[in-house]
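S.K.: Chain by chain, the residues:
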Amino acid sequence: MKARFLPLLALALAGAVHADINVGVTLSATGPAASLGIPEKNTFEMLPTSIGGEKINWIVLDDASDTTRAVTNTRRLITENKVDVIIGSTITPNSLAMVDVVADAEVPMISMAASARIVDPANPKTRWVFKTPQSDSLMADAIAVHMKANGVATMGYIGFADAYGDGWLAEMKRSAQTAGIKVVAEEKYNRADPSVTGQVLKLVAANPDAILIGAAGTPGATPQKELVARNYKGKIYQTHGVANPDFLRVVGKDGNGTVLPAGPMLVYEQLPDSNPIKKVAAEYINAYEKKFGTRSTFGGHAWDSYLLLNATIPAALRKGKPGTKEFRAALRDALETATVVATHGVYVMTANDHNGFDNRARVMVRIVDGKWTLIK
Amino acid sequence: MDLSIAALLTQDGITNGAIYALLALALVLVFAVTRVIWVPSGEFVAFGTLTLAALQLGKTPGTVGLLVAMAVVAGAMEVIACVRTGETRRIPRSLLVWVGLPLAIAAAVYALAPLSAPLPVQVLATLAAVTALGPLMYRIAYQPLAEASVLVLLIVSVAVHFALLGLGLWFFGAEGSRTPPFSSFSFSVGAVHVNLQSLLVVATSVLLILALYLFFGRALYGKALRATALNRVGARLMGVSPNFAGSLTFTLASLLCAFCGVLIGPITTIYYDSGFLISLKGFVGAIIGGLASYPLAAAGAILVGLIESFSSFWASAFKEVIVFTLIIPVLLWRSLTTTHHEEDE
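First to last, the sequence lines map onto chains P and E. Under the numbering used here, read the first sequence as residues 1 to 376, first letter to last. Under the numbering used here, read the second sequence as residues 1 to 345, first letter to last.
Excised from the complex, chain E in its bound form (with noise of 0.2 Å):
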């Protein structure tokens, strides 16, 4: 190996690690709030790739589909509750929330579909529509079970992945996607050859992560989740809506996993079902943070890239095996260094 090869390596593992980090930080954040181990987030980046992909091949994407689904699922559920609960005025403003807003932007990415329109335009569609998706499936799968043990919510997080991937097969069919590079300039510093692609996808994750310290150090929103994130009945107490810090919480988690898809088509083939593997690798980042901490996290996806891309040059069979190994030193090093609370249930 030599010092060309080596920053290679590394360029192609840190891209990667950005990526990664992205996906670890919309784990700790679903984790904080709602407790919920989030398993269908890799999913939402298969669904932001195929989707990007399909606009761009003029087709309707599958997720037009899903949205109206799940948006009529949600508006009847809604209705229900209202009805249940005697509150009959809330209704319109909810069917408008929970119906009315995603068929909204169902209908904005299906008209869209066929226009060919540039880039920058299809990306914003694809963000809306799957980040969209986010809410409707907080409010269908987990705000019912809210209260529920962190082991129930991990089972439905499971069937929500399962149910996601069946979905995902049906509208995407099996084969492949890929998207065009945004940008194929690249240029050389000494020996090394950087390409723009990869110093986009860093630029677009760190200014990302940048944007979530701003909103939870100084939006209100975002101090709202983090009290919930910290005491979820003395926050509920100071008039933070446990529903709607769930709700917000999971849009932003799939804003985040639909950059990630975004970010990651042009790098890689994407199926229905490889969302899974990327997230599982966030997953790892976000443990070594402990779940709990954005800047370990986001550290520790790096080191996951890295480790990744150094391992496939020297032992390729054993990338997997070595990545996910990684897991526990890691866990016997955080169960040593930290005094853990029992969660009282």
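Bound-form chain P, shown alone (with noise of 0.2 Å):
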């Protein structure tokens, strides 16, 4: 009876001797979000090892864009490898699932995709998710605010039928209609669609001053394309979805003028050298460039979850040992009140705000021959 429990005790004080940080990430390297979820990624395997003189363990698994995966590598995480810390999913739908598993088990998480709704401040559950994204809210007003500064009036919406698309759509209707501008048409379209010409014939009939498109990477030129060969003369908008240099290649020529918000390193280069972003977005991505070519915006938020952890660690360790409740506990607390200069922006977390994202999280980008283009 006595020889049964020995291994458990042998593993039970193996786990009190060596005091590693487990962090467990789960993330969208294959399915539809790949493009998001392989920078990502990429970023996990440029991190240090440790933080705070312990000993960090990366634990990445992928969910292949899939919800019940996503749910099933966070339980595994949680139970098997033991983790400190969750980061992830790479999307909304598959961090909303997480929300739940995490505070059952009370291990404080970050995740990395866009929706405001999985740290929705009225949700109990949520006092243990973090996120590092921009929420869609925050780039919805800086277009809203663009357009009415530039005499935009009306406007038109085109964009994924998913829930990316339906979120931008709701988020960008309480965005116009608070700077006064109407939305005239809205249309959808799925992300393998060959072709859009029927929605966009809807549009041009309509006639607004300018058309956002909702889409996230490369999909986002089909409509684009499609708006120029029709030739629409209003100003067309794009989601921070697309600032990567794959969208610069599918769209073109045709890309040129299009405006849209975006994090700030995207185009750190042309920041002035007084925003403290510039010098960490620069250290980010001078290191990922060297390793895996063309910089990627959703890399970033990996790396900002890094940059958030190495600056809670230290003092939860204070509090606890790594494995222990009393850890996970202190390092969300310390989650909470963090200030942290990233990547994307300037992180000030509080109580009601686990984004922590303020305007200096965003800027207004013109595509001008191919390249982005700071608008100052």
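Everything labelled a hint here was simulated from the structure, so no lab data went into it. Heads up, some of the hints might be wrong.
To be verified - Straight-line C-alpha distance at most 27 Å; calculated DSSO-like pairs for lysine-lysine:
#1 P/279 x P/376
#2 P/371 x E/59
#3 P/41 x P/291
#4 E/223 x P/290
#5 P/253 x E/223
#6 P/371 x P/55
#7 P/291 x E/59
#8 P/41 x E/59
Hints in hand, dock the two standalone chains.
M.R.: Written as structure tokens, this is what we have:
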């Protein structure tokens, strides 16, 4: 009888002696969100292996952009790997599904997905949840402000027929209403559609002053090219979802003049030296581009989650040993009061704001001759 | 909606429909001869576009690696089969066909990649590379199971689809590509704007369909395939090798899919995983033709293209719902009007 418990006892002792910090990561390196997940995965490969003198084990799993897999990964990381903190997932549906799991296990989580609902303060479960990317609402406000300043009175919208497109439409309608801009046409399309001629004809027929394309990655080029082919003369806006070099490659010269909000790291070279974000972004991007080629803003979200941990783990270490409930609770408390300069902006976390970004986390960018150009 | 919008939508629908029609023909062809529901056809379309896009960027397309890997596997399977049946004399010849030929194509494409050759040469290289994958896939995945039931073959198809999907992500990456248009020339007929690109797509499809018609009607190999489709055992008794018929069918079908990929590249952005949805629409067309009639399948595919185009104008959020719901009345109508023969297995 006693012999049975010996291995367990040995395990428990071993756990107490080797107090490494285990960080569980689940991201979408394959499946529809792969273009977002791959630069994140690359970023985790270049992270340092110790913070505050403690060894860090980064345990990275792929959830294939699938909600069920993301939840399974989260459970596995918590029960088998005994992680102290979870980072992920890449996309909103996955992150929302993971919230329940981490709240039950009382493990802090840092999401790399966009929707504000992930850290909605009205929900008690989100006490344990933080997120690094800018919320759609912050970006939608920036677009509405830019539109109003440029005399836009009516706008049209074409976006993905999924959670991303619907989320953007809802946020944009709210921001547009505040700015006194009328949304006169809204259309949907799918990522893999061979043609968006029908939707674009209808948009052009409504003749709005500006059109916003609510899409992520290279599929955002499909309606843009069609709008140019149909001689649409108004302004074209994109979301920060397209801020990667592949979009520029696919959209080609039809992208000229397009305006979009983005995280400052996209155009860090053009920021004034006084901006503290410039130095942080330069450090990350130089290291990334040396190893993996051109930058992606999505990789920046992964780096920012590391920066958050880097700033908060030393404080948490003073209150408890890694692997214990006390350490996780201390880490959560530290995250909630963290102020960190990151590649995408400056986090000022509070109990009511687990994203912590303000206007410093967005810049307006125009595509000029196939390059991102900061609008000053 | 005025006349010019209707004309534009019709033009758009027919252009996409022509591409779906090629896919529908490939699906009907494969099913008739080998009873395989060819789920991975979409991957061949995507590989076609992505190979051409890679060649235009001066990069070595991932298809080359895939071709080499599949040729090695197929060669090994051939050697084992020859040794097992004691026909060791046949080994050099099978190695030449199953390993030598694909490797030669792979080497040619590899050598061509950095040269930035003119577009027609790159298109030819793309067609050769993607077409060569077809018979290799038949040899590796389907030939050992050629006598299995339709259900087993369907399950194999699904497995091949997922395998190719994963390899596609690995070889081509997650981001999409577009190829430049073959021609940006356009002209107006009255109020209607016609661009040459669309005409080119439709003309290529019509030409390919005519070529297939002549092949099946006149050529000996075409007749052998038709015989196999009608009666496998009977054709075998007349000296048509089912293995040969299978590889020939997959060669033709993958050629059709490679053409689809080349034609659709300038129209839309293609990802490693966009092929599936495109092939599903070809499948709806093929179902309208009962997976048996070529002209009905082509007509059905054009209908799918038109419905897709008009529903994207009227109700873009429900476009896919409308297209795929089309299958239900068609199946009802077919089950009421045709007498059904159970396949004895």
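S.K.: Hint by hint, say whether it matches the structure.
M.R.: Status of each hint after checking the structure:
Restraint check for residue 279 of chain P and residue 376 of chain P: satisfied, since their Cα atoms lie roughly 19 Å apart, inside the 27 Å limit. This hinted pair checks out: residue 371 of chain P and residue 59 of chain E have alpha carbons roughly 22 Å apart, not beyond 27 Å. As the CA atoms of residue 41 of chain P and residue 291 of chain P are separated by approximately 13 Å, the hinted pair is consistent with the 27 Å bound. With a C-alpha separation of about 59 Å, the suggested pair residue 223 of chain E and residue 290 of chain P falls outside the 27 Å cut-off, and the hint is violated.
A hinted pair counts as satisfied when its Cα atoms are at most 27 Å apart, and residue 253 of chain P with residue 223 of chain E does not qualify at roughly 50 Å. This hinted pair does not check out: residue 371 of chain P and residue 55 of chain P have alpha carbons roughly 40 Å apart, beyond 27 Å. For the hint linking residue 291 of chain P to residue 59 of chain E, the alpha-carbon distance of about 19 Å falls within 27 Å, and the restraint holds. Restraint check for residue 41 of chain P and residue 59 of chain E: satisfied, since their Cα atoms lie roughly 24 Å apart, inside the 27 Å limit.
When the structure is compared with the earlier hints, violations turn up for hints 4, 5 and 6 and for no others.
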